[in-house]
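**Student:** Construct the entire structure; sequences and hints are all you get.
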Amino acid sequence: MLRALARFLRHIICSRRMIRFACFLLFAAIAMIFFANREIVKTSEQLTWNDVNAIPVRNVGLLLGARPGNNYFTRRINAAAELYHSGKVKWLLVSGDNGRKNYDESSGMQQALIAKGVPASAIFCDYAGFSTLDSVVRANKVFGENNITIISQEFHNQRAIWLAKQYGIDAIGYNAEDLDQGRGKLVRLREKLARVSAVIDATILHRQPKYLGPTVMIGPNSEHGCPATK
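Read in order, the letters of the sequence shown correspond to residues 1 to 230 in the numbering used here.
What the hints contain is simulated information worked out from the structure, not anything from laboratory work.
By construction, the Cβ of each residue, glycine as well, lies at the ideal position given by its N, Cα and C atoms.
Careful, some of the hints might be misleading.
Straight-line Cα separation of at most 25 Å, DSS-like style, residue types lysine-lysine; simulated pairs [to be verified]: (1) 210 <-> 192; (2) 165 <-> 141; (3) 165 <-> 192; (4) 88 <-> 116; (5) 210 <-> 165; (6) 210 <-> 141; (7) 165 <-> 88; (8) 210 <-> 101; (9) 88 <-> 141; (10) 192 <-> 42; (11) 90 <-> 141; (12) 90 <-> 116; (13) 165 <-> 42; (14) 90 <-> 165; (15) 185 <-> 42.
Ranges of calculated distance between the beta carbons of each label pair, as one might list FRET restraints [claimed, not checked]: (16) 192 <-> 168: 18 to 28 Å; (17) 213 <-> 168: 17 to 27 Å; (18) 28 <-> 220: 48 to 58 Å.
**Tutor:** Next comes the structure, spelled out in structure tokens:
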């Protein structure tokens with residue numbers, strides 16, 4: 001009887017400890033999400049523009065990748081083309097994922113921009129933009145740019161600008177049209193987690209891009225462009 005009572009009490013104590021531990025983890029996760037979101041929004045404040053006429057002129061626009069053909073992709077292409085045709089950037093660096101067979105965000109962006117009237121000679125490709133961090137840091141370490149205009153939806157621009165600041169890059173953002181709240185719920189949930197990941201990567205792990213490679217200078221005398229096929 002006493003042994004059974006002792007086992008029961010141990011079970012209750014362990015269960016309470018597990019509940020307390022689970023509550024601690026939940027509280028820590030919520031606190032981290034809140035901190036990361038506040039830090040990223042604060043850092044990027046007044047550094048993104050919706051009005052193409054108001055945004056400062058910069059040499060290079062960094063277009064962040066998305067799956068070709070989806071709604072975010074189409075809106076980013078429209079924003080990048082508008083920025084170029086308005087004379088707010090001289091060159092477009094399209095940075096996306098090309099790590100899987102038959103999946104090439106950069107070439108998809110290049111072709112879509114050409115269809116919008118952007119000359120092929122004004123487009124440079126980064127085929128190793130596997131993440132936002134990779135795209136932003138490679139724009140500096142591989143393509144030699146330290147003053148860039150990032151092109152994506154506002155929530156994405158905020159995170160990209162924050163990352164740029166952590167790696168010593170001067171970045172502003174031009175906001176592509178966003179999806180309405182109802183259609184973008186899952187993406188916004190993922191963004192909350194992505195912001196936590198960004199803070200951990202940049203401030204704790206000090207992560208670098210998966211690939212770097214030789215320097216490619218963006219400009220009229222560069223032999224490197226953005227071939228339609230590699």
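**Student:** When the hints from earlier in the document are held up against this structure, which numbers fail?
**Tutor:** none
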